[in-house]
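Line order of the protein sequences matches chains U and A. Going by the numbering used here, the letters in the first sequence line up with residues 1 to 184, in that order. Going by the numbering used here, the letters in the second sequence line up with residues 1 to 346, in that order.
Derived by calculation from the structure, the hints in this document are not laboratory data. Mixed in with the good hints, there may be bad ones.
List time: in silico DMTMM-like cross-link candidates among lysine to aspartate or glutamate, alpha-carbon distance up to 25 Å [stated by the list, open to error]:
hint	chain 1	residue 1	chain 2	residue 2
1	U	K145	A	D315
2	U	K128	A	D318
3	U	K84	U	D146
4	U	K128	A	D332
5	U	K159	U	D91
6	U	K130	A	D259
7	U	K52	U	D91
8	U	K130	A	D332
9	U	K58	A	D259
10	U	K40	A	D332
11	A	K334	U	D125
12	U	K130	U	D178
13	U	K58	U	D39
What follows is each chain in one-letter form.
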Amino acid sequence: MRIAMTLFAASAMTLAACDTQTSDAAAPTSEAAKDAAGDKTIASGLTAEDSKFADAAKASGLDATLAGPGPYTVLVPVNAAFDKLPAGQADTLMKPESRAQLTKVLTGHILPGEILAADIGKAIDIGKGKASLATFGGGTITATKDGDNIVLTDSAGGKASISGSDERRSNGVVHHVDAILIPG
Amino acid sequence: MSKFLLALGAAALAITAPAIAQPEGKGGGNKGGGQQKAERGGGNQGGGNAGRGNGGGRETRGNPGNGGGQMARQGGGNGRGNDQARGPDRVIEKARGNNRVDIARGKGRNDDNGRIVGDDRRDFDRDSNVLAIARNFGGFGGRYDNCPPGLAKKDNGCMPPGQARKYLGSRLQQNYANSLIPYQYRSWYRDNDDYFYRYGDNNIYRVSRSNNLIDGIIPLLSGSGYGGGYYALGDQFPSSYDFYNVPYQYRSFYGDTSDYRYRYGDGAIYRINSGSGVVDGIVALLAGDLGVGTRLPVGYDTYNVPFAYRDRYADSADNWYRYNDGYIYQVDPKTRLISAVIDAIV
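Turn these sequences into a full structure, and let the hints steer you where they fit.
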């Protein structure tokens, strides 16, 4: 069951990582970080709840990216997010002739490096209420807070909330989002 | 959303081919069908006081412009750009053994083979007849914001279709001879004893030192727009760009095999089926966003250093650290200038 993420929870989950940025407190070593991430890659760590995203990644050929060295931060739309698309659109995206468009949509959910929810929250605070995140889709998405939640907004104004965050993988980190973001 | 639907409906459809799940060719080095000699590690990058531009290719993120180290001083640069991004001359040195990268400052230095790199590209190219050309350099426009309508298409940069193939085997155009590749790509493609790289018209040209002829062309961020220009699974990879051009930092992961070739293009490393020549997978995404001497672009406000490196590279009042394309960069928080490649992690 997916647990709604709160900034408070995210902060607690990533306390050690945050400390490394602000104090001399015991920091995770490289080996410790590796252990915490486990052996699963982003691709192999996708579950049945991510099946539609996994199918889309495979259809676009990006499953190889998600199994590669990374590191990436991936915003994985939950299955229900695909259901929010207008009728027939998800099926259209999965057709072979739509691969270029599908690739563009999916790369808009992949970010360079490893970004924790707490990192986004901190950037939002520093940015006086918003932070911009570069994606491999070519543009940026804007992160804001709505109460304790982090909301991501694409260039067209579409919004997605992070519904589960900071899932560590050997080649990056996964956050789940409740809607599909559309690259500009 | 309706905009997206319309765009989707109107999108040009890609050539289709069966998607074949294949194991990745990791750790192969440049073996099998590799067309380029493995380049030596530790190549040094020449910096310079480039007048770099903010080209209009990407809507919201900064673009590398003309990276010619001497262009601004010669008055031949494109004149556009971000004055704040200028900094002192820098030479990046990658120390052997520990992947640690340090900065040296100065007018230039010798690379592993005694060739002077950095400011004095006259010496750098002293064995090349591009020297005379460089002296007459007059500058050129920036990125694909200067592409004529209709030429800003996928897989050809600003070049008319078929033009890239024509350039292969020819001498470098005069106005590109003095144009170093954008800062963001200098760790990807390093000059060595066999080749040097120059930039122009949205392409990186690999020039053979043995005959001063172009033997490889790498299109950068094609005119259809970064992210919009990815080759899709099943697309035929253009033969004009088909040489081993995997960025240096990823070569240990993606070496050619008898079954697959790996090629960089349009923001990604593609796995190409050797038999059919079609894109079989997208094995890595590259942003091409950060480079020493440039300003931290929009979209990198958030700390993104991989976990395993956070104990070493934690943001502070004096330094920020950001990850991009296999490297961790050090950033001055006050100026947002990227001051160093501090570590190579892939």
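The hints, checked one at a time:
| no. | hint | verdict |
| --- | --- | --- |
| 1 | K145(U) - D315(A) | 22 Å, holds |
| 2 | K128(U) - D318(A) | 20 Å, holds |
| 3 | K84(U) - D146(U) | 21 Å, holds |
| 4 | K128(U) - D332(A) | 20 Å, holds |
| 5 | K159(U) - D91(U) | 21 Å, holds |
| 6 | K130(U) - D259(A) | 47 Å, violated |
| 7 | K52(U) - D91(U) | 11 Å, holds |
| 8 | K130(U) - D332(A) | 21 Å, holds |
| 9 | K58(U) - D259(A) | 20 Å, holds |
| 10 | K40(U) - D332(A) | 35 Å, violated |
| 11 | K334(A) - D125(U) | 17 Å, holds |
| 12 | K130(U) - D178(U) | 19 Å, holds |
| 13 | K58(U) - D39(U) | 20 Å, holds |
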